[in-house]
Amino acid sequence: MAEIAIKAEAVEIEAKVKKLTLVWTGLTFILFPILGLLGFLMRLVQGNVFPMFPPEWFYSILTLHGVGMVGLWFVEGMIAVIYLLSKYVKPSAGVSWFSFTFTLIGVALIIISTIAGKFGAGWYFLYPLPYKSAEIWPNWATDLYLIGLGVLGIAWTVWVIDVLRAIAKKYTLNQALAWHYLAGKTEPELPPIILIVTVTCIGAITGFLAAVALLLLFLFDRVSGTPADPLLMKNLVFYFGHVLVNITMYLGVAILYETLPQYTQKPWKTNKLVAFAWNTVLFLVLFAYFHHLYMDFVQPKAFQIIGQFASYFISVPAAVVTIFSALAMIYKTKVNWTLGSSLIFLGTMGWAVGGVAAVIDSSIAVNFRFHNTLWVPAHFHTYFLMGVVLMILGFIYHFSQLHSNIPDNSKLAKFTVWLILIGGYGFLSMFYTGGALFVPRRYALYPPALSSGTTLAQISIVFVSILTIGFLLYLIQTIRRWARSF
Amino acid sequence: MAPINAVAVAIFIFFALLIFGVYAFFISSTRKPAVGEDYYKSVAKLRAPFFVILLLLLIAGLVLTLPKIPYPSKGKFPDAVVYVAGKQFNFALDTQPIESEERWKERAEAEPVQVPAGKWIEFRVTSLDVNHGFSLYDENGKLLGQTQAMPGYVNRLFIKFDKPGFYTAYCMELCGNSHHAMKGVIEVVEEGTFGAKILNQQ
Numbered sequence: 001m002a003e004i005a006i007k008a009e010a011v012e013i014e015a016k017v018k019k020l021t022l023v024w025t026g027l028t029f030i031l032f033p034i035l036g037l038l039g040f041l042m043r044l045v046q047g048n049v050f051p052m053f054p055p056e057w058f059y060s061i062l063t064l065h066g067v068g069m070v071g072l073w074f075v076e077g078m079i080a081v082i083y084l085l086s087k088y089v090k091p092s093a094g095v096s097w098f099s100f101t102f103t104l105i106g107v108a109l110i111i112i113s114t115i116a117g118k119f120g121a122g123w124y125f126l127y128p129l130p131y132k133s134a135e136i137w138p139n140w141a142t143d144l145y146l147i148g149l150g151v152l153g154i155a156w157t158v159w160v161i162d163v164l165r166a167i168a169k170k171y172t173l174n175q176a177l178a179w180h181y182l183a184g185k186t187e188p189e190l191p192p193i194i195l196i197v198t199v200t201c202i203g204a205i206t207g208f209l210a211a212v213a214l215l216l217l218f219l220f221d222r223v224s225g226t227p228a229d230p231l232l233m234k235n236l237v238f239y240f241g242h243v244l245v246n247i248t249m250y251l252g253v254a255i256l257y258e259t260l261p262q263y264t265q266k267p268w269k270t271n272k273l274v275a276f277a278w279n280t281v282l283f284l285v286l287f288a289y290f291h292h293l294y295m296d297f298v299q300p301k302a303f304q305i306i307g308q309f310a311s312y313f314i315s316v317p318a319a320v321v322t323i324f325s326a327l328a329m330i331y332k333t334k335v336n337w338t339l340g341s342s343l344i345f346l347g348t349m350g351w352a353v354g355g356v357a358a359v360i361d362s363s364i365a366v367n368f369r370f371h372n373t374l375w376v377p378a379h380f381h382t383y384f385l386m387g388v389v390l391m392i393l394g395f396i397y398h399f400s401q402l403h404s405n406i407p408d409n410s411k412l413a414k415f416t417v418w419l420i421l422i423g424g425y426g427f428l429s430m431f432y433t434g435g436a437l438f439v440p441r442r443y444a445l446y447p448p449a450l451s452s453g454t455t456l457a458q459i460s461i462v463f464v465s466i467l468t469i470g471f472l473l474y475l476i477q478t479i480r481r482w483a484r485s486f
Numbered sequence: 001m002a003p004i005n006a007v008a009v010a011i012f013i014f015f016a017l018l019i020f021g022v023y024a025f026f027i028s029s030t031r032k033p034a035v036g037e038d039y040y041k042s043v044a045k046l047r048a049p050f051f052v053i054l055l056l057l058l059i060a061g062l063v064l065t066l067p068k069i070p071y072p073s074k075g076k077f078p079d080a081v082v083y084v085a086g087k088q089f090n091f092a093l094d095t096q097p098i099e100s101e102e103r104w105k106e107r108a109e110a111e112p113v114q115v116p117a118g119k120w121i122e123f124r125v126t127s128l129d130v131n132h133g134f135s136l137y138d139e140n141g142k143l144l145g146q147t148q149a150m151p152g153y154v155n156r157l158f159i160k161f162d163k164p165g166f167y168t169a170y171c172m173e174l175c176g177n178s179h180h181a182m183k184g185v186i187e188v189v190e191e192g193t194f195g196a197k198i199l200n201q202q
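Sequence lines, in order, name chains A and B.
Counting from 1, one number per residue, gives the positions in the first sequence under the UniProt record's numbering.
Counting from 1, one number per residue, gives the positions in the second sequence under the UniProt record's numbering.
No lab work stands behind these hints: they were computed from the structure.
A portion of the hints provided could be inaccurate.
[As the list claims (entries may be wrong)] Covered by chain A, according to a simulated footprint, are these stretches of chain B (three or more residues, beta-carbon under 8 Å):
1. 67-76
2. 134-143
[What the hints assert, rightly or not] Here are the simulated lysine-lysine pairs, DSSO-like style, with alpha carbons at most 27 Å apart:
3. B:K74 <-> A:K185
4. B:K41 <-> A:K332
5. B:K45 <-> A:K269
6. B:K45 <-> A:K332
7. A:K414 <-> B:K32
8. B:K74 <-> A:K272
9. B:K32 <-> A:K266
10. B:K41 <-> A:K301
11. A:K118 <-> B:K183
12. A:K132 <-> B:K183
13. A:K266 <-> B:K45
14. B:K45 <-> A:K301
15. B:K119 <-> A:K269
16. A:K334 <-> B:K45
17. B:K76 <-> A:K301
18. A:K90 <-> A:K16
19. B:K41 <-> A:K272
20. B:K76 <-> A:K411
Predicted, not measured: the structure shown is a model, and the values here were computed from it.
Each residue gets a CB set at the ideal place from its N, CA and C atoms; glycine is no exception.
With these hints in hand, go ahead and build the complete structure from the sequences.
In structure tokens, the structure reads:
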């Protein structure tokens, strides 16, 4: 009887998590094309295709595209991981629904702020620009933006704490961080996804705490008129932003560890090396963000050098453990290459290429000329768009195919992957070339002396068009399976 | 392009192509899977050498780049000082501190400041409103260096101009809707000419 009850409970949990994943994924199908097309529009504007396009609109779109994409892939990554985790632990479905509702509210506030209010201070809203816009956007637009972020912050903090709670119900903290592996023990066996998600959630909490401090200081300035310290505010916002982007990447990697073995029929287990790698990541991620402040010469020099060390060595566990193992796992192995497994695997390639570009830019002496040039969007789009986004899109396909039982169309899948690779890396090559030519980023229009920025944006339109077709084909194949999964 | 950035781009192209090649090799290996054999362990033997090579490359990167960090050391003194104040949407430059909006307006509309070529110039960079990024580009669009212009702080940027000409400061930090149009200009003159001009002014 007890066994039947446990089975019934497991079936019920699976159904709940499946429904959650389906609904969150539906939101992704709406937001991803919109936010992607906003990115496309920005390259058109930079290519001077619409010479009359108001610059304030460009910066509003830039803000919405940036904050929207980072937020979207974080939440979709979270739901993907919760779906995969539910095999081992039981995060609360209620908390996920709470998070979903509050995410919708936060997103709505940010859309109103940027579109209706023309808030255009960038996703990172560098203090004190939000309330000193040269009268381009009203203060209420800034208020809405910051409230929107606050709402998202509350929803996501509760969400990651609940995931940690679910893990803590089955594992102690030192087990969840695989410290017993470091001590030479292998029991209890810990699935790598638990370790990665624990690292991710702890990192997330530190990032959200920085965001809380940042928002409180904004509030204090707004209410009392007491200005905050711009350098402190910069440290807080870049710590928060850097951690959020990094942990989103780790959610993609958690997907990789859990799903790739299903396509190679080889297990991917935690061992001493994996444990050491992810604990190192948890430590180094706290210090790597200093590279965002290299050009603030008043920042203590020791922090800058720590930033370069942390940014360099955080690449080691990623390359030597995860990427190396993923490659070793497929070598001369029968792999079931579907659209899902291909995208998940190729996401590691974007991580590797983007990682090289990031390490190069994290050299202070190089950053002296690459800082805030197109080299920066080049490298983060490489490990984001061609990295974690591909991993999460791969998961969505994997999930939808599993529940719809519609077989993979291998020829169409292959064609789709090639379009995404050619369009994606072609698009990125224009950013990299712009960086090499010192073209500044975040420019609505390029002055005549920097006209190479305009030419590169025009060429990139061709590649973005190819990429768009690739993503469209992906959506057609995936939405069909997703719709059948309900 | 500055030598260090040219090397950086070359290194990136090399490693990006290498990564593409490695992925193509490994993916193509799945076309002919080895039945009954587990190649994971044989590939895993390469992990330790890969780790050592990667570590050596990173250490080499640190050793070669850390001595070139642009932060001025305590004992470094400039041959001339230029004060820079950013404000939406112009950079004002002067040989005297710019501490008020009136002075900023006056200097933003004035003739460019002149500095000598071949000498260390210290730019003391701040902002009167929001964050800006102070950069210096030559007439060919080559970026010489940059620092942030932050309200309440002064960042000290040392630059040596090799050639005379007009150099443009573009803004490198999003500062509002005319961020892309924000700039300032500095004129670099031959050292001899520079001395003669000072004498004429006196």
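Does K16 (chain A) lie within 27 Å of K90 (chain A) when you go C-alpha to C-alpha? holds, 11 Å
Given pair status - K185 (chain A), K74 (chain B), alpha carbons within 27 Å: Roughly 51 Å between the alpha carbons, so the hint for K74 (chain B) and K185 (chain A) is violated.
With a cut-off of 27 Å on the C-alpha distance, tell me whether K32 (chain B) and K266 (chain A) pass. Since the Cα atoms of K32 (chain B) and K266 (chain A) sit roughly 17 Å apart, the hinted pair holds (cutoff 27 Å).
Holds or violated: K118 (chain A) and K183 (chain B), Cα atoms, limit 27 Å. OK: K118 (chain A) and K183 (chain B) at ~24 Å, within 27 Å.
K334 (chain A) paired with K45 (chain B) [C-alpha distance capped at 27 Å]: holds, 21 Å
27 Å Cα cutoff - pair K76 (chain B), K301 (chain A): holds, 15 Å
Straight-line alpha-carbon gap K45 (chain B) to K269 (chain A), limit 27 Å: Between K45 (chain B) and K269 (chain A) the Cα gap is close to 17 Å, so the pair holds against 27 Å.
Does K269 (chain A) sit within 27 Å of K119 (chain B), going by the straight-line distance between their CA atoms? violated, 60 Å
Is it true that the CA of K76 (chain B) sits at most 27 Å from the CA of K411 (chain A)? violated, 64 Å
Agreement of K41 (chain B) and K301 (chain A) with the hint, judged by alpha carbon distance not exceeding 27 Å: violated, 44 Å
Between the alpha carbons of K41 (chain B) and K272 (chain A), is the straight-line distance 27 Å or under? holds, 16 Å
Coverage claim, chain A over the segment 134-143 of chain B, checked by counting residues with Cβ within 8 Å (three needed): Satisfied; 6 residues make the cut.
When each numbered hint is compared with the structure, violations occur for hints 3, 8, 10, 14, 15, 20.
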